[in-house]
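Use the sequences and the hints to build the structure in full.
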Amino acid sequence: MIKTIFHTPCGDIIENIDLETMRRYLIDEFNSYWSQGSGDGFIDYFVDNHKISTMMLGPNEEYGIYLHVIDYKSDEEWLSIYNKNLLEEVVETADEIYASVGLFLPLELAWQGVECFLIHGDLSKKINWSQPDIIPDGGNW
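For the sequence shown, my numbering begins at 4 and goes up steadily by one.
A few of these clues could be false.
Listed next, the in silico DMTMM-like pairs over lysine to aspartate or glutamate satisfying Cα-Cα at most 20 Å (straight line) [to be verified]:
id: 1; residue 1: K76; residue 2: D51
id: 2; residue 1: K128; residue 2: E118
id: 3; residue 1: K54; residue 2: D15
Here are the simulated distance ranges between beta carbons [claimed, not checked]:
id: 4; residue 1: H53; residue 2: G141; range: 35 to 45 Å
id: 5; residue 1: E18; residue 2: K87; range: 29 to 39 Å
id: 6; residue 1: E95; residue 2: T24; range: 19 to 29 Å
id: 7; residue 1: N52; residue 2: P109; range: 17 to 27 Å
id: 8; residue 1: T24; residue 2: D140; range: 34 to 44 Å
id: 9; residue 1: N88; residue 2: D21; range: 34 to 44 Å
No lab work stands behind these hints, which were simulated from the structure alone. Cβ atoms here follow ideal geometry from the backbone N, Cα and C, with glycine treated the same way.
Below is the structure:
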């Protein structure tokens, strides 16, 4: 049995959030929703009550959303990559959390990644992903 748990910016927990609601939070209500609480969130993906992966969502009003996925099966971490030339420039994503500008995706593209994760618990093939070792000195993830 598959289960997702969305940890909201305000610290609430939503089990098995429906795609329409998540899309609304991610795109339609982006500025107001993600400016609440901690300003970030994450989704845990479970199969048969075993957590197999986590997707962290780091929004920035100017640049979009940065996705960071931890795959517990392979013990690997994956970062969304939108512009490799901007990995040394860092901006705040949530309350005093900083990430490289090149990691942030436009909202519609970020949505495709979140949607795939909610359905499959895996990385969307529509997004470029890389492991953290791609981040140069001066960058952050």
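A quick look at each hint next to the structure:
no.: 1; hint: K76 - D51; verdict: 14 Å, holds
no.: 2; hint: K128 - E118; verdict: 12 Å, holds
no.: 3; hint: K54 - D15; verdict: 19 Å, holds
no.: 4; hint: H53 - G141: 35 to 45 Å; verdict: 38 Å, holds
no.: 5; hint: E18 - K87: 29 to 39 Å; verdict: 36 Å, holds
no.: 6; hint: E95 - T24: 19 to 29 Å; verdict: 26 Å, holds
no.: 7; hint: N52 - P109: 17 to 27 Å; verdict: 35 Å, violated
no.: 8; hint: T24 - D140: 34 to 44 Å; verdict: 40 Å, holds
no.: 9; hint: N88 - D21: 34 to 44 Å; verdict: 37 Å, holds
Going through the hint list in order, the structure does not satisfy hint 7, though it satisfies all others.
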